[in-house]
Amino acid sequence: MESEILYRSFEVIYKQFAQGLFRFIYFKVSDYELTQDLTEDTFVRYWQVLIKGVNIENHKAFLYRIAKGKVFDYYRKKGKSRRIGLEKIDERLLGVIDTVEDSISLKQEVEQIYIRMKKLKKEFQDVILLHYVEDLEIKEIAFVLNKQENAVRVLLHRGLRSLRKIV
Amino acid sequence: MSEVELVKKIKLLKTIKPASAELDVIGKNIYSHLGIEQRPETFIKFGSQPVIYFGTAFAVIFLAIIFNINNLLPNNIHTLITYTKITAASNQYEKAHIALADIQNKYGTPDMIKSSNSEDISQSLTLTNNELSNLKLKGEKGTYTSQQCLALYKTYLLYLEKLNKNIPDNGQPSTRLLKSTIAKYKELSEQKLHMYK
Chain P
1 MESEILYRSF
11 EVIYKQFAQG
21 LFRFIYFKVS
31 DYELTQDLTE
41 DTFVRYWQVL
51 IKGVNIENHK
61 AFLYRIAKGK
71 VFDYYRKKGK
81 SRRIGLEKID
91 ERLLGVIDTV
101 EDSISLKQEV
111 EQIYIRMKKL
121 KKEFQDVILL
131 HYVEDLEIKE
141 IAFVLNKQEN
151 AVRVLLHRGL
161 RSLRKIV
Chain H
1001 MSEVELVKKI
1011 KLLKTIKPAS
1021 AELDVIGKNI
1031 YSHLGIEQRP
1041 ETFIKFGSQP
1051 VIYFGTAFAV
1061 IFLAIIFNIN
1071 NLLPNNIHTL
1081 ITYTKITAAS
1091 NQYEKAHIAL
1101 ADIQNKYGTP
1111 DMIKSSNSED
1121 ISQSLTLTNN
1131 ELSNLKLKGE
1141 KGTYTSQQCL
1151 ALYKTYLLYL
1161 EKLNKNIPDN
1171 GQPSTRLLKS
1181 TIAKYKELSE
1191 QKLHMYK
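Each protein sequence line maps, in turn, to chains P and H. Residue 113 in the working numbering is what sits at position 113 of the first sequence, and the numbering runs on without skipping anything. When you read off a place in the second sequence, starting at 1, and then add 1000, the result is the number in the working numbering.
In isolation and in its complexed conformation, chain H is listed as follows:
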């Protein structure tokens, strides 16, 4: 049996899954265990159209605002929101786009870069690089093009150069590590750029 056929068989195991009602019960138990009051579902289905419960409309609008001004929030919340957005994205191009936009937003100017913690920058950079490196046209054909990937990588490379230029050369181990990470990602991205051309 070829590897392709074997993998196809293995993927049959994806059909093993609990009913959604079961997951709802587990969800309720979790909230009960944690002593958290369960909020109403953000969306309900009316026929095939999602309808927002009146009581959660505020929370949804509020979250939409927060998603756009999340650079004012503490870093861990910001990261969680970014990750949630990435998780909810429908394809890998969107995920990569969100991650890249987020890091440019958070560490876009020389002042922002200089006043930020190297570890935080490194974490965001790793997330961005991971999402970009997961771009592959195979399997997601039709949802995004090689031209879009090329444009994204060009933007990313420009950003890496800017980031590297503005990181202070203070001799700190964390700064040296960040600079060497940027150099590595730059090299990998240049290779990818040729692939999409």
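Next comes chain P alone, as it looks inside the complex:
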């Protein structure tokens, strides 16, 4: 009985957050196949914590925190420094744009802001992405990044200021 409830709840949470998590991880690693693996690892880890019966206050924030940790672990194990490439976005992630009118100019706009964001300091990228793209609240971002809420607000303000200079 308990496992059926856990399974169904996990299913709901996966459907709700998988897309955003995939995007967040992709932004950090810029590699489609690696993003697939890390997204999978994130949810596997989440399930493992869930079945242990650990009390999770905010499942969304918890998932993003795991995701961030998985990315960090990957780079630590590989001994690679974080990629700061100016690569174009993988076409497989732009499928939804093809369905809209004026998709070419929209794609260009998206790629432009993507490249500009990648030029920012990692901390600025994280807070801007989490707040404006993944819709996390300040307190949730504070939990994900293990920072105080005021520090997150300051980073957000400075991040926007830096981005405005290069957009």
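Any given hint could be a false lead.
[Stated by the list, open to error] Simulated pairs of lysine to any residue, SDA-like, Cα-Cα distance not exceeding 20 Å:
{"#": "1", "chain 1": "H", "residue 1": "K1011", "chain 2": "P", "residue 2": "H157"}
{"#": "2", "chain 1": "H", "residue 1": "K1014", "chain 2": "P", "residue 2": "Q112"}
{"#": "3", "chain 1": "H", "residue 1": "K1011", "chain 2": "P", "residue 2": "F72"}
Don't read these hints as lab results, they were simulated from the structure.
With chain P fixed as given, assemble chain H onto it according to the hints.
This is chain H only, laid out in the frame that chain P set:
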């Protein structure tokens, strides 16, 4: 460029997303990795109408019952169910309503409060306060009104007073922390109440 225009540009990044087929594949890999047998989808679409697979109807009905008697379940399962309900809610008012109803249900009487763990009460209270504090009419105009928010806050304040009154004054650090959290939330809620009047 103004901040509003910049944020609008940043939000274009939301269009970057994997296809749902890709997420299905990842989902299957997760279940395979964990050695969990994947159950059939709870719903399928027939045209534009969702139709429940016969084999999962029991699970859905069962879950519906559980959602209504979840105060009998272990706390971690209860919390997960509450969170799932909140996640599935269509707007912030509904989320706040679910969270408030849940805490009132779990810790509604003096006996329930006295026999419960301060940390568990604190966790539920934080969730409720977070959901209520996220109420904002801007952006969700038309889905709920300021009158509804006012009513919700009034109920919440009454509940906080009741909770505070029934928490035993045993001098334990966890109890003191809970009482001070309640005082803080009460003060913030009173400010919000004026905002909605």
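| request: Would you pick out the hints that fail for this structure and give their numbers low to high? | output: 3
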